[in-house]
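Trainee: Residues per chain are reported as follows:
There are 2 protein chains.
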Amino acid sequence: MEFKAFLTSLGTSFVIFVVLMFLFTWLSRKPSNSVVYYPNLILKGIDPFEGGKRSRNPFAWIKEALSSSEADVIRMSGVDSAVYFVFISTVLGILVLSGLVLLPVLLPVAATDRSVRAADETSEGTFNDLDKLSLGHVGKNSTRLWAFVLATYWVSIIAYILLWKAYKHVSDLRKVALESSEVKAEQFAIIVRDIPLSPDGLSRKEQVDLYFKSIYPEAFYRSMIVTDNKKVNKIYEKLEGFKKKLARAEAIYTDSKKGANPEGTRPSNRTGFLGLIGKKVDSIEYYGEKINELIPKLEAEQKVTLREKQLPAALVFFTNRVTAASAAQSLHAQMVNTWTVLDAPEPRQLLWDNLPKKFFERVIRQNIIYIIVFLTIFFYMIPIGLISAFTTLENLKKLLPFTKPIVNQPVVKTVLEAYLPQLALIVFLALLPKFLLFLSKAEGIPSESHATRAASGKYFYFSVLNVFIGVTISSSLFDKLKDIEKKPNSIVSLLATSLPKSATFFLTFVALKFFVSYGLELSRIVPLIIYHLKRKYLCKTEAEVKEAWAPGDLGYATRFPGDMLILTVVLCYSVIAPIIIPFGVVYFGLGWLLLRNQVLKVYVPSFESYGRMWPHMFTRIMAALALYQLTMFGFFGLKQFPYAPVLVPLLVLSAIFYYVCTQRFYRSFQSTALEVACKDLKEIPNMEVVFRSFIPPSLSAEKTDDDQFEDALSQVSRSGSTL
Amino acid sequence: MEFKAFLTSLGTSFVIFVVLMFLFTWLSRKPSNSVVYYPNLILKGIDPFEGGKRSRNPFAWIKEALSSSEADVIRMSGVDSAVYFVFISTVLGILVLSGLVLLPVLLPVAATDRSVRAADETSEGTFNDLDKLSLGHVGKNSTRLWAFVLATYWVSIIAYILLWKAYKHVSDLRKVALESSEVKAEQFAIIVRDIPLSPDGLSRKEQVDLYFKSIYPEAFYRSMIVTDNKKVNKIYEKLEGFKKKLARAEAIYTDSKKGANPEGTRPSNRTGFLGLIGKKVDSIEYYGEKINELIPKLEAEQKVTLREKQLPAALVFFTNRVTAASAAQSLHAQMVNTWTVLDAPEPRQLLWDNLPKKFFERVIRQNIIYIIVFLTIFFYMIPIGLISAFTTLENLKKLLPFTKPIVNQPVVKTVLEAYLPQLALIVFLALLPKFLLFLSKAEGIPSESHATRAASGKYFYFSVLNVFIGVTISSSLFDKLKDIEKKPNSIVSLLATSLPKSATFFLTFVALKFFVSYGLELSRIVPLIIYHLKRKYLCKTEAEVKEAWAPGDLGYATRFPGDMLILTVVLCYSVIAPIIIPFGVVYFGLGWLLLRNQVLKVYVPSFESYGRMWPHMFTRIMAALALYQLTMFGFFGLKQFPYAPVLVPLLVLSAIFYYVCTQRFYRSFQSTALEVACKDLKEIPNMEVVFRSFIPPSLSAEKTDDDQFEDALSQVSRSGSTL
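Protein chains in written order, with this note's numbering: chain A, 1 to 723; chain B, 724 to 1446.
Hint data in this document are derived by calculation from the structure and do not stem from the laboratory. Treat the numbers as computed from the prediction; the structure is a model and nothing was measured. Take the hints with a grain of salt, since some may be wrong.
Only pairs whose alpha carbons sit at most 20 angstroms apart, straight line, appear in this in silico SDA-like list of lysine to any residue [as the list claims (entries may be wrong)]:
| no. | chain 1 | residue 1 | chain 2 | residue 2 |
| --- | --- | --- | --- | --- |
| 1 | B | Lys1081 | A | Thr662 |
| 2 | B | Lys936 | A | Lys231 |
| 3 | B | Lys891 | A | Leu681 |
| 4 | B | Lys1405 | A | Leu197 |
| 5 | B | Lys967 | B | Val1004 |
| 6 | A | Lys213 | B | Ala942 |
| 7 | A | Lys358 | B | Lys1003 |
| 8 | B | Lys936 | A | Glu179 |
| 9 | B | Lys1402 | A | Leu210 |
| 10 | A | Lys238 | A | Asp282 |
| 11 | A | Lys358 | B | Gln1386 |
| 12 | A | Lys63 | A | Val18 |
| 13 | B | Lys1081 | A | Lys358 |
| 14 | B | Lys936 | A | Leu681 |
| 15 | A | Lys679 | B | Ala942 |
| 16 | A | Lys679 | B | Lys1402 |
| 17 | A | Lys679 | B | Lys967 |
| 18 | A | Lys358 | B | Val1383 |
| 19 | A | Lys358 | B | Cys1384 |
| 20 | A | Lys213 | B | Glu902 |
| 21 | B | Lys1402 | A | Lys140 |
| 22 | A | Lys213 | B | Glu941 |
| 23 | A | Lys358 | B | Arg1390 |
| 24 | B | Lys1081 | A | Ile656 |
| 25 | B | Lys1402 | A | Ser214 |
| 26 | A | Lys140 | A | Asp113 |
| 27 | A | Lys679 | B | Ser937 |
| 28 | B | Lys1402 | A | Ala219 |
| 29 | A | Lys257 | A | Asn269 |
To give an idea of the chain A side of the interface with chain B (calculated C-beta under 8 angstroms), a few residues [to be verified]:
| no. | residue |
| --- | --- |
| 30 | Val336 |
| 31 | Ile525 |
| 32 | Ser668 |
Distance windows between CB atoms, simulated [unchecked claim]:
| no. | chain 1 | residue 1 | chain 2 | residue 2 | range |
| --- | --- | --- | --- | --- | --- |
| 33 | B | Glu1022 | A | Pro196 | 18 to 28 angstroms |
| 34 | A | Lys234 | B | Ile1379 | 58 to 68 angstroms |
| 35 | A | Val363 | B | Lys954 | 50 to 60 angstroms |
| 36 | B | Val1375 | A | Leu197 | 29 to 39 angstroms |
| 37 | A | Ile368 | B | Gln1393 | 20 to 30 angstroms |
| 38 | A | Ala430 | B | Leu1374 | 55 to 65 angstroms |
| 39 | A | Ile368 | B | Leu1374 | 51 to 61 angstroms |
| 40 | A | Gly241 | B | Leu1404 | 23 to 33 angstroms |
Glycine is no exception: its CB is placed at the ideal position from the N, C-alpha and C atoms.
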């Protein structure tokens, strides 16, 4: 790839970005678009245009983003979002502090080296001007390499210091959130799984109540047995569907009255397949009938479910936070794989289906899924390798000769050269996240946030292995394949050899990613178009319109691994080709700014895990750091630098740092510390409300019967006896 | 070594054993020896000779041992001893069930093989008759090897089944012991370590009380701050020394009155170095004065210690067992390395000096000690290798030619051949345990039983690595040294090659060990002689006599690794040379019988850990089993058996079995399950007694002052405010 191509790529991306940004300032000022650009504000009941201040300055959003505090983020979007900003600003800090030293020091050191250049260690093509500034330009076994060794240490030490501060800060954020005096339902509940068969013929409900009453005679409030809700959910969804359809039919009817015919036309539909065949009926009557049919059916099924479909899992409620926090951490049964406990997540993120899964079933599922993910990572390796090997312009011309006349046009050529390989990659990666989330849920994880973390971890390893290592190595795969066969252990040195060759690829990748994807992110063109189309042609009722502009959440499962991929790339190249650092800084700086806006005004978090994402982020950052150190170790080896082992202490240091951080902070992310849970609440919790918030919607009957004596939700049974 | 030498060794050992056994029956019948043979009974206030039944039948002890139940063992010697018997009977079961199949099947299969024998795979020397019965006698790549593969599976599967049953049984034993309705002080207390500096200038005592009162407003009883007791302990020991000397002097004076002089002679001593120089004084007066001097000094020092030498660790007491059990498992502080908690061991096994050691100090200490142990294991390897290489008779004659005339005598020769190498080994191993216990305590472990477990683990790895692998490999070290240098990975195949050569060595080792050491164990000749000598020449007071016959405990730290060494040897040879199995059966069978007697009548346990030793034993047995499977894998490889990989699933099976057992049972050995702790007590615990039982003797003043307001032991401070 030529230098010109790179500049073209950069230029086009930048133009796209600027266009999208102006589009944003123009579109976001229109009140009719406010539900697309300010849904979080609207849902929180704040008028986005109060005082009209938003209409004047097109860059007002930047000022607002910069002046917003962490407390604002927590208030508007929760602790998890704040933790995400801690992640971004920590990474930004690492890159800025690295760049401040590495750029002025390493670039001159590399550029002024006059020793012979090994031709095989420079970027593919003739990327001369940039290559002069990279480590590849320094001669073998040169004393100048010491500067690069010191730089490797500098980056690592900066990372340690900032990560330590970040971990401490996030731990404090979590502490403050958990000791808040607000009553949060999940702080009073625990999940109990693997309930053994009752020996003396008690119902599950009685068994659980008896068990926990005898252990916590004072603090035990009530239990809720998990039931098999498949059938009741089905009926409930059907009912909700009819309710929506009824509302829609009524809205259509009301609308029609406004037109020429003051009587209006009653909407009708066919009862058969997809409303296309069958008898034609009056919609309002038909749906009303259906609803009236289903309500008693639902109630009957609810009773049956609660009474007869109790599963060996439960939620147990306590009257105070300390007991709940302590109970979630304590071993309850002598047989460790029975009565296992876990702190409850928020009601909305409970994965009910996973609760009754058995202890060893979960272990087996987990292992099977690890194998599947492993296979996925390595079977995708092959197509990605092929794509990045074939999508060079030369290969394209060779393989598809008929494209030659088009491709040889200078403009087309430059654009294709700039985007072809990267686009293939990006499209490719877009297919995966849903599959990984599905796999993570299949592990038996009980909460949405935990499943998101698990999926995000898988996606991280996937993207680092496939995109970074895969592209790097496969770009030199065809001539190196024999070497790998000979010495399969030489992956580190192979990686180190291939890195400089792929430098320009990744520079373009980072640039493309930040300009185009951030432009799309900020302008929200796609959601805007979808919203307007839906509103115009589909939505009839208020609820439907609201659904059309529902902004969704930040999407940690893919956003964070995407950032991590960039971080890994930038870290690994930081010393080899320091010119990449500014790109990384722009990526994370721009990201901070844009997402601050999005988090404050657009996205609505779909769960709150009080920063549990952080240890996970920390581990991934450390993995990237270790990969970077390992690569540098291999790289200095390739440069025949005899002092390459001076990098070994750095790897040891990383291991120690990781160990100390994990020992010092991690467990408080797993469970709630009692000193935090024991803080006073501002009011005595209404346990009935706490309890009710966990009842799944399909089971919450309008009228509560107190006569449902032994069912899964009923009040503590009258027996006061202990086990 | 010749077959004759082996028989001689066996014969002599057996004769020694029979002699010692008769000595035991004769000596144990004399009432004057009862404190040596029945100290545990006497200390429990049971008359060993009631009804005179013990005097008739010389084998009565065998009947008694056989008829004693597990409940008897628990009553007389605690759960730990019962767990030790579970270990022995499990191992015995594995060996008996293996032997029942392996002996009748494998011996004929091996003996009738007519194929060519590889000379280098038989025992050293001409141990022909036994060698015929071993796997070494089977030809390479013979189909008969399938019998040995199946045997390998059989032994492993038997082991899995019995170990599973044993783990379940021990878990039940622990459960029953912990849910006992007796009040046990340690079930009401937790250890708190790593207490941070108080931010607002509170004393440690106030800080701890405030902290725990706010978390456990109802169940918190009192705290006891750990103090720096070095000085007060010194004074206390001095005082106790003088008290003993005074008692002794008074006893001598009383004795002298009984003799010729009815007035008696007042004993005197010199005040200088060791009582040899200095002024001669009247002992009774002198010691009385010294005691009167020290008592106020002790009291003053106690006050100073309690008030001013408070350290950042404490014991915290709760008014019920559930809260204590739950508190010991819960995370208390957001900073995980502060306020760390641990369930309290019995008061008598607390290692006070280790309590205030800091979190990361403990980690560092642990790692340093692992390195020291590692070095110890591998530096001892060299001397042991040399010893076992040199102490063959031929080497002895070559190296020390002047011993030739003696050594060539047939009797001397046979005895020397039989015992020389083994004796060196046994003496050698006797030096180590104390050192390993010292190291384990230096790790910062807070309880005696835990330190014993840690020492025992180190000793196990030491003995397996050094004795088993060391002897096996070094016996063929001189011709194989070059091979190792070439392929250092070939340790498994080297082990497999060397095993058959050392078979006879280990047969003799096992035989010697069980006959001689069990003979000494049962007859208690050494403690008997020491006791009688002491009583005759040294002891003057009752207390001194009691000290002279104090039986000590079972000595897990060395006994268990010793057994494990035998088990490892027998397991590894079980298929290669099944003839070793009966020896193993005799070792563990005899061991069970003898130790049943010793545990019921002799040894007094010095601590009770409610079976916490078991998971540790289980891990070691699994390690031995894995070593066995690995060795067999190497061995079949050496036999050029193409189906050797059929043993790989066995290793995987072992890993899964270990994982499942650990997941299912282990955590209930680490902490007390709440369902166990919540059982009713037979009386309301007297918390004052519970609290006092933890006060170290040097600090327990005769009169309790309630005015010691802010010291380490004082009552909850008056402030009722929360944090």
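Trainee: All hints, please: hold or fail.
Mentor: Here is what the structure says about each hint:
1. Straight-line distance between C-alpha atoms of lysine 1081 of chain B and threonine 662 of chain A comes to about 17 angstroms, which keeps the hinted pair within the 20 angstroms bound.
2. The straight-line distance between the Cα atoms of lysine 936 of chain B and lysine 231 of chain A is roughly 49 angstroms, outside the 20 angstroms bound, and the hint therefore fails.
3. The suggested pairing of lysine 891 of chain B with leucine 681 of chain A is violated, with an alpha-carbon distance near 44 angstroms, which exceeds 20 angstroms.
4. A threshold of 20 angstroms between alpha carbons decides the hint, and for lysine 1405 of chain B with leucine 197 of chain A the separation of about 29 angstroms lies outside it, so the pair is violated.
5. For the hint pairing lysine 967 of chain B with valine 1004 of chain B, the CA-to-CA distance comes to about 17 angstroms; that is within 20 angstroms, so the pair holds.
6. Restraint check for lysine 213 of chain A and alanine 942 of chain B: satisfied, since their Cα atoms lie roughly 17 angstroms apart, inside the 20 angstroms limit.
7. Taking the CA atoms of lysine 358 of chain A and lysine 1003 of chain B, the gap is about 80 angstroms. The hint is violated against a cut of 20 angstroms.
8. With a C-alpha separation of about 17 angstroms, the suggested pairing of lysine 936 of chain B with glutamate 179 of chain A holds against the 20 angstroms cut-off.
9. Proximity of lysine 1402 of chain B to leucine 210 of chain A is assessed by CA-CA distance (about 13 angstroms); at most 20 angstroms being required, the pair is judged to hold.
10. A C-alpha spacing of about 19 angstroms is found between lysine 238 of chain A and aspartate 282 of chain A, which places the hinted pair at or below 20 angstroms, so the restraint holds.
11. Proximity of lysine 358 of chain A to glutamine 1386 of chain B is assessed by CA-CA distance (about 13 angstroms); at most 20 angstroms being required, the pair is judged to hold.
12. Straight-line distance between C-alpha atoms of lysine 63 of chain A and valine 18 of chain A comes to about 18 angstroms, which keeps the hinted pair within the 20 angstroms bound.
13. For the given pair, lysine 1081 of chain B sits about 39 angstroms from lysine 358 of chain A by alpha-carbon distance, which is inconsistent with the 20 angstroms threshold.
14. Taken as a hint, the lysine 936 of chain B and leucine 681 of chain A pair is honoured in the structure, with Cα atoms around 17 angstroms apart against an allowance of 20 angstroms.
15. Taken as a hint, the lysine 679 of chain A and alanine 942 of chain B pair is honoured in the structure, with Cα atoms around 17 angstroms apart against an allowance of 20 angstroms.
16. Annotation: proposed proximity of lysine 679 of chain A to lysine 1402 of chain B is violated, straight-line Cα distance about 30 angstroms (limit 20 angstroms).
17. Of the pairs offered as hints, the one joining lysine 679 of chain A and lysine 967 of chain B is violated, with about 54 angstroms between alpha carbons and a cut-off of 20 angstroms exceeded.
18. Taken as a hint, the lysine 358 of chain A and valine 1383 of chain B pair is honoured in the structure, with Cα atoms around 14 angstroms apart against an allowance of 20 angstroms.
19. At roughly 16 angstroms between alpha-carbon atoms, lysine 358 of chain A and cysteine 1384 of chain B fall within 20 angstroms of each other, so this suggested pair holds.
20. The straight-line distance between the Cα atoms of lysine 213 of chain A and glutamate 902 of chain B is roughly 17 angstroms, inside the 20 angstroms bound, and the hint therefore holds.
21. About 74 angstroms separates the Cα atoms of lysine 1402 of chain B and lysine 140 of chain A, which puts this hinted pair outside 20 angstroms; it is violated.
22. Distance hint between lysine 213 of chain A and glutamate 941 of chain B is fulfilled; the C-alpha atoms sit about 17 angstroms from each other, no more than 20 angstroms.
23. A hinted pair counts as satisfied when its Cα atoms are at most 20 angstroms apart, and lysine 358 of chain A with arginine 1390 of chain B qualifies at roughly 18 angstroms.
24. A hinted pair counts as satisfied when its Cα atoms are at most 20 angstroms apart, and lysine 1081 of chain B with isoleucine 656 of chain A qualifies at roughly 17 angstroms.
25. Our distance criterion of 20 angstroms between C-alpha atoms is met by lysine 1402 of chain B and serine 214 of chain A, whose separation comes to about 8 angstroms.
26. Taking the CA atoms of lysine 140 of chain A and aspartate 113 of chain A, the gap is near 11 angstroms; set against the 20 angstroms cutoff, the hint holds.
27. Annotation: proposed proximity of lysine 679 of chain A to serine 937 of chain B holds, straight-line Cα distance about 8 angstroms (limit 20 angstroms).
28. For the proposed pair lysine 1402 of chain B and alanine 219 of chain A, the alpha carbon gap of about 17 angstroms is at most 20 angstroms, so the pair holds.
29. Restraint check for lysine 257 of chain A and asparagine 269 of chain A: the C-alpha separation of about 19 angstroms stays at or below 20 angstroms, so the hint holds.
30. Here the hint on valine 336 of chain A is kept, as its CB sits about 4 angstroms from the closest CB of chain B, short of 8 angstroms.
31. For isoleucine 525 of chain A, the shortest C-beta to C-beta distance to chain B is roughly 43 angstroms, which exceeds 8 angstroms, and the interface hint is violated.
32. With 8 angstroms as the threshold, the beta carbon of serine 668 of chain A comes within range of chain B, its nearest partner Cβ sitting at about 5 angstroms, so the hint holds.
33. Glutamate 1022 of chain B and proline 196 of chain A have their C-beta atoms about 56 angstroms apart, which leaves the hinted 18 to 28 angstroms range violated.
34. For the pair lysine 234 of chain A and isoleucine 1379 of chain B, the supplied restraint of 58 to 68 angstroms is violated, since their beta-carbon distance comes to about 38 angstroms.
35. Between valine 363 of chain A and lysine 954 of chain B the C-beta distance comes to about 54 angstroms, which sits within the given range of 50 to 60 angstroms.
36. Between valine 1375 of chain B and leucine 197 of chain A the C-beta distance comes to about 30 angstroms, which sits within the given range of 29 to 39 angstroms.
37. For the pair isoleucine 368 of chain A and glutamine 1393 of chain B, the beta carbons lie near 29 angstroms from each other, so the given range of 20 to 30 angstroms is met.
38. For alanine 430 of chain A and leucine 1374 of chain B, the hinted distance range of 55 to 65 angstroms is not satisfied, since their beta carbons lie about 42 angstroms from each other.
39. Judged by the Cβ atoms, the range 51 to 61 angstroms given for isoleucine 368 of chain A and leucine 1374 of chain B is violated: they are separated by roughly 20 angstroms.
40. Between glycine 241 of chain A and leucine 1404 of chain B the beta carbons are some 58 angstroms apart, a value that contradicts the proposed interval 23 to 33 angstroms.
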